Amino acid sequence: MLSLIKIVISFFLIAGTFFIFSGTLGVLRFPDVYSRLHAASKASTLGVSGILIGAFIYVLSEMHVFSGKLILGILFVLLTAPVAGHMISRAAYRTGVPLSDKTVFNELEKKESSNTP
Amino acid sequence: MTDWFSVVVHVCLFVTTISILLLLYRAVKGPSNPDRVVALDTIGINLIAITGIMAIILDTVQLNDIILLIGILTFIATVSVAKFLEKGVIIDQDRD
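Protein chains in written order, with the numbering used here: chain A, 1 to 117; chain B, 1001 to 1096.
If you're looking for bench data, these hints aren't it; they were derived computationally from the structure. What you are looking at is a predicted structure, and each value in this text was computed from that prediction instead of being measured. Any given hint could be a false lead.
Simulated restraints, written as ranges between beta carbons of each label pair [to be verified]:
1) Thr1060/B with Gly96/A: 46 to 52 Å
2) Gly1088/B with His86/A: 18 to 24 Å
3) Thr1017/B with Pro98/A: 30 to 36 Å
4) Phe1084/B with Asn106/A: 23 to 29 Å
5) Leu1068/B with Phe30/A: 40 to 46 Å
6) Gln1093/B with Thr103/A: 20 to 26 Å
7) Pro82/A with Leu1073/B: 17 to 23 Å
8) Ala1077/B with Phe30/A: 18 to 24 Å
9) Glu107/A with Ile1057/B: 54 to 60 Å
10) Ile1091/B with Leu75/A: 25 to 31 Å
11) Pro98/A with Asp1003/B: 51 to 57 Å
12) Val1007/B with Thr95/A: 44 to 50 Å
13) Thr1017/B with Glu107/A: 36 to 42 Å
Under the rule of at most 27 Å between Cα atoms (straight-line distance), these lysine-lysine pairs were calculated in the BS3-like manner [stated by the list, open to error]:
14) Lys1083/B with Lys110/A
15) Lys69/A with Lys42/A
16) Lys1087/B with Lys1029/B
17) Lys1087/B with Lys111/A
18) Lys1029/B with Lys42/A
19) Lys69/A with Lys6/A
20) Lys1083/B with Lys111/A
21) Lys1083/B with Lys1029/B
22) Lys69/A with Lys111/A
23) Lys42/A with Lys102/A
24) Lys102/A with Lys1029/B
25) Lys110/A with Lys1087/B
26) Lys42/A with Lys1083/B
For each residue, glycine too, the CB sits at the ideal point set by N, CA and C.
Working from the sequences, and respecting the hints, build out all of it.
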């Protein structure tokens, strides 16, 4: 039985799973911690948003429950993932984790060296 | 629920679980400590996704609290470990 609402839910679930798996491949394969952070933060945020939107539509259509907690979870993940990524990258730069060999431009180096007394 | 929708949901659960296993490799091996923090943060995000898929499989709404709880705990853990790596303290008294 091919119903339209399940096709929409499957689209969101498959899109979310694709983004989560591509973020995982980025964390595995990228050369240094900053590019890994880029892949993990953006792809996983999109992925978990897609899967939770799919779960929200499923709960709304099958059980007729408007689940505000799922919307709150999506908003929380979208708000806190950039903050966590920024704090990790700042801690990594200040503790001296080296950049990759292929880095061609580092504007933060000049700024940090002129800032420190 | 043994139709194509069940197959789609179970394949999504399988792929997400495989990606947690691959991230565990990075969390164990990672060359520096921020690599491990990135991997553990992404494991937490993937746990939220697995909980959402399990809520679809089990046909329940009771797991929605767990999604919020895992999200808050992952954020607090990541921020505290990042502050510990940067300064050596987590709760600092003086504001710089």
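Which hints from the list above does the structure break, by number from lowest to highest? Numbers 5, 6, 9 and 22 - these are the hints that the structure violates, sorted from lowest upward.
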